[in-house]
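Asks: One line per chain: the protein sequences are A and B, in this order.
According to full-length UniProt numbering, numbering within the first sequence proceeds without interruption in unit steps and concludes at 247.
According to full-length UniProt numbering, numbering within the second sequence proceeds without interruption in unit steps and concludes at 226.
By construction, these hints were calculated from the structure, which means they are not laboratory data.
Accuracy of the hints is not assured; some may be wrong.
Claimed, not checked - Here are the simulated lysine to any residue pairs, SDA-like style, with alpha carbons at most 20 Å apart:
hint : chain 1 : residue 1 : chain 2 : residue 2
1    : B       : Lys197    : A       : Val223
2    : A       : Lys11     : B       : Tyr90
3    : A       : Lys16     : B       : Tyr90
4    : A       : Lys6      : A       : Lys111
5    : A       : Lys171    : B       : Ser103
6    : A       : Lys105    : B       : Phe38
7    : A       : Lys16     : B       : Phe24
8    : B       : Lys84     : A       : Val39
9    : A       : Lys105    : B       : Lys204
10   : A       : Lys105    : B       : Glu79
11   : B       : Lys204    : B       : Gly194
12   : B       : Lys84     : A       : Pro77
13   : A       : Lys92     : A       : Glu50
14   : B       : Lys92     : A       : Tyr22
15   : B       : Lys92     : A       : Val114
16   : B       : Lys92     : A       : Pro77
17   : A       : Lys6      : A       : Asp38
Claimed, not checked - Residues from chain A that keep clear of chain B, each with C-beta distances beyond 12 Å, as calculated:
hint : residue
18   : Asp38
19   : Thr118
20   : Asp140
21   : Ala150
22   : Val223
Quantities reported herein were computed from a predicted structural model and do not represent experimental measurements.
For every residue, glycine included, the Cβ atom is placed at its ideal position computed from N, Cα and C.
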Amino acid sequence: MNLTLKIWRQKDSNAKGQMVDYKVNDISEHMSFLEMMDVLNEQLINSGEEPVAFDHDCREGICGMCSMYINGEAHGPDRGVTTCQLHMRMFKDGDTITIEPFRAKAFPVIKDLVVDRTAFERIQQAGGYISVNTSGNTQDANAIPISKHAADEAMDAATCIGCGACVATCKNSSAMLFVGAKVSQYALLPQGQIEAADRVRNMVAQMDAEGFGNCTNTGACEVECPKGISLDNIARMNRELMKANLK
Amino acid sequence: MSGFFKSSIGRKVAMALSAFFLMFFLIIHLAVNITSLFSVELFNQLSHFMGTNPLVQLALQPVLIFGVVFHFVMGFILEIKNRKAIGISYAKNNGAANSTWISRNMIYSGLVILAFLVLHFIDFWFPEMKLKYIEGDMTGVIAGTQEFRYFEELQHKFLSPIRVGAYVLAFIFLALHLLHGFTSAFQSMGSTAGRKKALQTFGKIYAYAIPLGFIIIAVWHHFNHL
Ligand code: HEM
Ligand code: SF4
Ligand code: FES
Numbered sequence: 001m002n003l004t005l006k007i008w009r010q011k012d013s014n015a016k017g018q019m020v021d022y023k024v025n026d027i028s029e030h031m032s033f034l035e036m037m038d039v040l041n042e043q044l045i046n047s048g049e050e051p052v053a054f055d056h057d058c059r060e061g062i063c064g065m066c067s068m069y070i071n072g073e074a075h076g077p078d079r080g081v082t083t084c085q086l087h088m089r090m091f092k093d094g095d096t097i098t099i100e101p102f103r104a105k106a107f108p109v110i111k112d113l114v115v116d117r118t119a120f121e122r123i124q125q126a127g128g129y130i131s132v133n134t135s136g137n138t139q140d141a142n143a144i145p146i147s148k149h150a151a152d153e154a155m156d157a158a159t160c161i162g163c164g165a166c167v168a169t170c171k172n173s174s175a176m177l178f179v180g181a182k183v184s185q186y187a188l189l190p191q192g193q194i195e196a197a198d199r200v201r202n203m204v205a206q207m208d209a210e211g212f213g214n215c216t217n218t219g220a221c222e223v224e225c226p227k228g229i230s231l232d233n234i235a236r237m238n239r240e241l242m243k244a245n246l247k
Numbered sequence: 001m002s003g004f005f006k007s008s009i010g011r012k013v014a015m016a017l018s019a020f021f022l023m024f025f026l027i028i029h030l031a032v033n034i035t036s037l038f039s040v041e042l043f044n045q046l047s048h049f050m051g052t053n054p055l056v057q058l059a060l061q062p063v064l065i066f067g068v069v070f071h072f073v074m075g076f077i078l079e080i081k082n083r084k085a086i087g088i089s090y091a092k093n094n095g096a097a098n099s100t101w102i103s104r105n106m107i108y109s110g111l112v113i114l115a116f117l118v119l120h121f122i123d124f125w126f127p128e129m130k131l132k133y134i135e136g137d138m139t140g141v142i143a144g145t146q147e148f149r150y151f152e153e154l155q156h157k158f159l160s161p162i163r164v165g166a167y168v169l170a171f172i173f174l175a176l177h178l179l180h181g182f183t184s185a186f187q188s189m190g191s192t193a194g195r196k197k198a199l200q201t202f203g204k205i206y207a208y209a210i211p212l213g214f215i216i217i218a219v220w221h222h223f224n225h226l
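Whole structure, please, built from the sequences with the hints as guidance.
Replies: Below, the structure is given as structure tokens:
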């Protein structure tokens with residue numbers, strides 16, 4: 001199929017940036033979206049132009065790097081997928097596809113479609129861990145009884161890949177689905193209890209300091225999240241923060 | 001605890017608390033007003049009680065006013081903060097793909113309600129305050145008679161088709177505000193109950209029934225005045 005692409009081009013973090021039109025031809029419907037981008041970039045390189053910079057790593061939906069806002073949706077029109085898992089069969093011959101970087105004040109553009117998501121890392125560092133003595137007599141995690149239900153829910157929360165689609169999608173640029181998932185994954189398990197109050201307090205404080213917005217429960221993040229992280233995790237984070245402050 | 005209400009989540013909790021209070025108040029307000037459809041006497045008595053009881057006037061009324069003001073001021077603060085958090089907006093954004101229009105436009109439904117509240121205060125509240133606390137007339141009767149003035153005043157207000165139209169429009173926006181707000185408030189309070197079928201159904205019934213009740217009252221008095 002032949003496509004018209006409208007892509008955000010921005011030289012560096014200080015440049016102004018604008019949408020630029022490109023044409024790509026003979027795109028197979030079996031290609032992934034990133035493969036289509038590769039075709040475009042080869043074309044650009046061959047004609048001596050600067051290729052479009054975009055983030056990617058695993059190309060199988062696990063690293064969370066690929067971050068494009070495609071036709072008005074994070075990771076494009078498909079559900080439960082990252083951009084690298086998006087297939088060109090979701091589009092038709094002759095389509096115009098708009099491709100923008102993830103937008104949020106806290107995710108500044110580095111170049112073209114590449115944005116700086118280290119705000120997520122700083123939130124993680126603020127409390128997204130448990131402290132374990134690793135001096136050689138570490139307790140076997142399997143020795144701690146955990147209900148199947150809690151283990152499943154914690155595992156579901158832990159599948160968040162930190163891609164930032166929730167923030168990109170949110171009309172408030174709120175990071176609460178991500179932080180909710182990261183808080184929940186520990187809040188649900190006995191190992192997470194000891195540091196629970198400090199964890200949620202510090203992670204929420206960091207989230208606010210990074211300049212993410214306030215959740216208004218539109219539920220858009222849950223729909224666009226490639227890993228199907230549930231809004232229940234935001235409610236749990238709110239509960240955890242209330243609990244932490246009542247202590 | 002003061003740090004809590006400065007956090008993004010704490011502000012949302014405060015927002016939800018004020019909203020729960022307002023939603024409870026609306027039930028009481030509707031219950032009193034609905035009596036005007038079938039009993040002039042009962043409506044007058046209840047109005048007189050609400051208007052002169054010291055507990056209602058000096059304790060509940062200030063709390064209510066604080067609740068309303070807090071709710072919309074905090075609504076504006078959150079809206080401004082959220083706009084700042086966005087930065088550059090998308091050239092193409094397909095909001096309808098993942099969320100409802102009403103959930104994305106709470107500030108606009110809220111603004112219509114606020115405009116209505118201004119009209120409503122000018123209509124009923126300011127004249128009441130002036131009559132009772134400035135002119136000192138706590139009798140609640142029409143001057144020179146033994147009859148209560150409340151029902152008469154109510155009917156008089158709804159003679160104007162423009163005012164009735166404005167009320168109807170405002171209540172439609174209240175319904176929209178509540179269709180998202182009711183369940184949203186539970187989520188803000190950290191409860192997943194708002195995500196379950198039972199409460200969603202109840203929320204829908206509430207969001208339609210309360211505004212519809214007020215609309216019926218306004219329209220009824222427009223067409224059935226003495
Ligand atoms: C009697 C009148 C009102 C009622 C019953 C009401 C009810 C609600 C409810 C239940 C919520 C959801 C709370 C949450 O998600 O935590 C809400 C949110 C909101 N309200 Fe109101 N509201 C009223 C008036 C107003 C007014 C006058 C404004 C003025 C602008 C306003 C602006 C907002 C905004 C912006 C939100 C969204 C905030 C958010 O979700 O974080 N509301 N309201
Ligand atoms: S919650 Fe979902 S959308 Fe948000 S960062 Fe995690 S995986 Fe991505
Ligand atoms: S490149 Fe790793 S998730 Fe898409």
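Asks: Holds or violated: are the alpha carbons of Lys105 (chain A) and Lys204 (chain B) at most 20 Å from each other?
Replies: At roughly 35 Å apart (the allowed maximum being 20 Å), Lys204 (chain B) and Lys105 (chain A) break the hint.
Asks: Taken at face value, is the distance from the CA of Pro77 (chain A) to the CA of Lys84 (chain B) at most 20 Å?
Replies: Not OK: Lys84 (chain B) and Pro77 (chain A) at ~27 Å, beyond 20 Å, violated.
Asks: Under the criterion that the straight-line Cα-Cα distance not exceed 20 Å, is the pair Lys84 (chain B), Val39 (chain A) satisfied?
Replies: Violated, because 37 Å separates the two Cα atoms, which is more than 20 Å.
Asks: Given the hint that Lys6 (chain A) pairs with Lys111 (chain A), does the C-alpha gap stay at or below 20 Å?
Replies: holds, 16 Å
Asks: Run the distance test for Lys6 (chain A) versus Asp38 (chain A): straight-line Cα separation, threshold 20 Å.
Replies: holds, 15 Å
Asks: Against the 20 Å threshold, does the CA-CA distance of Lys92 (chain B) and Pro77 (chain A) hold or violate the hint?
Replies: Holds. Lys92 (chain B) to Pro77 (chain A) sits at ~13 Å (cutoff 20 Å).
Asks: For the pair supplied as a hint, Lys105 (chain A) and Phe38 (chain B), is the alpha-carbon distance within the 20 Å limit?
Replies: violated, 56 Å
Asks: Non-interface claim for Ala150 (chain A): all C-beta distances to chain B beyond 12 Å?
Replies: Holds: least Cβ distance 15 Å, greater than 12 Å.
Asks: Decide if the proposed pair is consistent with the structure: Lys171 (chain A) and Ser103 (chain B), CA atoms, cutoff 20 Å inclusive.
Replies: holds, 10 Å
Asks: Check whether the Cα positions of Lys92 (chain B) and Tyr22 (chain A) lie no farther apart than 20 Å.
Replies: holds, 17 Å
Asks: Given the hinted pair Lys92 (chain A) and Glu50 (chain A), is their Cα-Cα distance within 20 Å?
Replies: Not satisfied, since the Cα-Cα distance of roughly 27 Å exceeds 20 Å.
Asks: Would you mind confirming whether the straight-line C-alpha gap from Lys105 (chain A) to Glu79 (chain B) stays at or under 20 Å?
Replies: It holds: about 15 Å lies between the C-alpha atoms, which stays within 20 Å.
Hint compliance for this structure: hints 6, 7, 8, 9, 12, 13 and 22 are broken, all remaining hints hold.
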